[in-house]
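Heads up: the protein sequence lines correspond to chains A and B, in order.
Per numbering that gives the first Met the number 0, the very first residue in the first sequence carries number 0; after that it's consecutive.
Per numbering that gives the first Met the number 0, the very first residue in the second sequence carries number 0; after that it's consecutive.
The hints are simulated quantities; they were obtained by calculation from the structure and are not laboratory data.
Among the hints, erroneous ones may be present.
Identical chains share a label here; the pair holds if one copy fits it or two copies do between them.
Said to hold, decoys possible - Okay, derived cross-link-like pairs now, SDA-like style, lysine to any residue, Cα gap no bigger than 25 Å in a straight line:
1) Lys85 x Gly214
2) Lys20 x Gln89
3) Lys161 x Ile299
4) Lys161 x Glu24
5) Lys193 x Gly243
6) Lys20 x Asp158
There are 2 protein chains.
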Amino acid sequence: MKKKIRAIQYGIGPIGASIVKLLREKQSIEIIGAIDTDPAKVGRDLGEVVGASDAPWGVKVSADAAEVLGLAADVVMHTTSSSLPKVMDQLLACLEAESCVVSTCEELSYPYRTYPELSAKLDTAAKEWGVALVGTGVNPGFVMDKLAITLGAVSQRIDHAKALRIVDASKRRLPLQKKIGAGLSVEEFRARVKEGTIKHVGLPESVAMVADSLGLAVDEITETIEPKVATEKVVTEFLSVEPGQAAGVHQIARGLAGGKELIYMELQMYVGAKDPADTITLTGHPNISLTIPGGSHGDIATASVAVNSIPVILSSPAGLRTSRDLPIGFFAPTAKP
Amino acid sequence: MKKKIRAIQYGIGPIGASIVKLLREKQSIEIIGAIDTDPAKVGRDLGEVVGASDAPWGVKVSADAAEVLGLAADVVMHTTSSSLPKVMDQLLACLEAESCVVSTCEELSYPYRTYPELSAKLDTAAKEWGVALVGTGVNPGFVMDKLAITLGAVSQRIDHAKALRIVDASKRRLPLQKKIGAGLSVEEFRARVKEGTIKHVGLPESVAMVADSLGLAVDEITETIEPKVATEKVVTEFLSVEPGQAAGVHQIARGLAGGKELIYMELQMYVGAKDPADTITLTGHPNISLTIPGGSHGDIATASVAVNSIPVILSSPAGLRTSRDLPIGFFAPTAKP
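Construct all of the structure, not just a fragment, from the sequences and the given hints.
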């Protein structure tokens, strides 16, 4: 009998919940534990917490990370925070438990420039314990970086790389609509940006990954966050936005070499977005572009990319990996017996 | 001083020529030998044979493969034939010389279904000699297979995969325009298909790679080749096609499971093609598609993919590899000193 992959879910927010539901569909995976500190979730059945139709699953959510990690899973699916410094102890605990880690922590996706010491520490710990970890998701981790790097395979010379992602947040979860400031006045929006609570995290990581992968000698990465101001009223399931209010974020990150732009990444994520799409444009020899009409759906795609990374991280050499290194693809469910 | 990658070019047709010209641009590569049996090339300087502006390069084309391979290159760029049985001895000789191989032999791109014994033989030999080989290019190797598999990363479930590649052969090299039957009568075209001289090789290999990578349990692969008939006169640099004559090929390959289609690949390669583009469509959860407007240019892209595969094949575990396994990307030129 083939041994199943034993998985632990660490963090059961919206992304964690959609990951465990997808894990549950893979016949080759057994969910052996779940960690969350939310008192509303602790002690309850994981299937019930995530609203699965086949609950209960017989796996209880626990706040005792050490105890759950002690089950020594093959892989921990980690979805607790965008901030690498905040999750360092969690990640190190996973590695010490000799489990591989797939994390959606955006800052882990390509941490070398912003956090060289933390990167080295994670790489060393992973190698010491003989396991591998990766930070991934749809963005960062796929659409603005991995896909651009993959498209680079048909290029003989690359002078400039551009990624444009336009996301219609209308049908996304409430926390996301709030996170992007939908419904705020422009002043409130700017205040929230200043205090750090409105931001899509990960553009500089994508710029750095693309720079290093396409040989673009970027020495400076800049980032701006502006409100995308609504020009007409937008009503979603959760909230409504008046003309003149912020409908979401408009972020631009640039990779510069001696002040010259080599990489341009633009993210528009707002409710009521027209023509959502993901577009990569490489200028060089030849010029080439690629479009995903409609764009890749953020929540579905992040869970997909994370779960689809399991086979590759399990077969990867020990250490800190990035989606740049991994032959990312689809993790087919094994046929039901 | 960093050691350069020592490369040998095996086969100096149009693709081989464009590969060596690209190799020449990479500061980290040193071309140490070149093999071809064409008397018009043997004994001449490689740079002159390929029409390089900086010729001579000081590397002579030789017909003595054993002698050149004896130089023990790090990698051999192999571009002699589409047929795996025809190139087996060449590939085995490269492996025995302890060189990694990047080959544009289409049937090597995913040889497991058509040639299981030859695949096993190559894998065993590569492991015995501690080197790796891969068959790759733009198609097969990238646009209809690797790109589809990569896009699969954002999918939670995949029910059907489709790849459509429309290539305008008008500006391609003469051998290609002839190979696709441009300018033949429909009868001549069909006769050439029957004798096996008109065919783009590689669709079944792409279907098999996609099937195995996306978990689509294909048990039968079919392929048809029809002429794309010109509806108006088309004049290229090399030839002209009258209405009613063949303008090129229209090939369709299908992957079936119990008679049901799970994979559909369509290649239209003809002179005067309207709206050339590469399009991948995955049906499942979610439905997602991707388009490269204009399509990836066959000759430029095949040389790119082959040369860009050098760093990954050199760092790959020994054995027979495919573009499915490799994190394909761009091979940046090192800065000029």
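Consistency of the hints with the structure:
1. In this assembly of identical chains, the alpha carbons of Lys85 and Gly214 never lie at most 25 Å apart, being 31 Å within a copy and 37 Å across copies at closest.
2. For the homomeric pair Lys20 and Gln89, the shortest alpha-carbon distance inside one copy (22 Å) is at most 25 Å, but the shortest distance between copies (50 Å) is not.
3. In the homo-oligomer, the alpha carbons of Lys161 and Ile299 lie at most 25 Å apart both inside one protomer (24 Å) and across protomers (21 Å), since each shortest distance falls under that limit.
4. Taking the shortest Cα distances, Lys161 and Glu24 sit within 25 Å of each other only across copies (24 Å), while inside one copy they are farther apart (36 Å).
5. Within a single copy, Lys193 and Gly243 get their C-alpha atoms as close as 20 Å, which meets the 25 Å cut-off; across copies the closest is 67 Å, which misses it.
6. In the homo-oligomer, the alpha carbons of Lys20 and Asp158 lie at most 25 Å apart only across protomers (19 Å), although the nearest pairing inside one protomer, at 42 Å, exceeds that limit.
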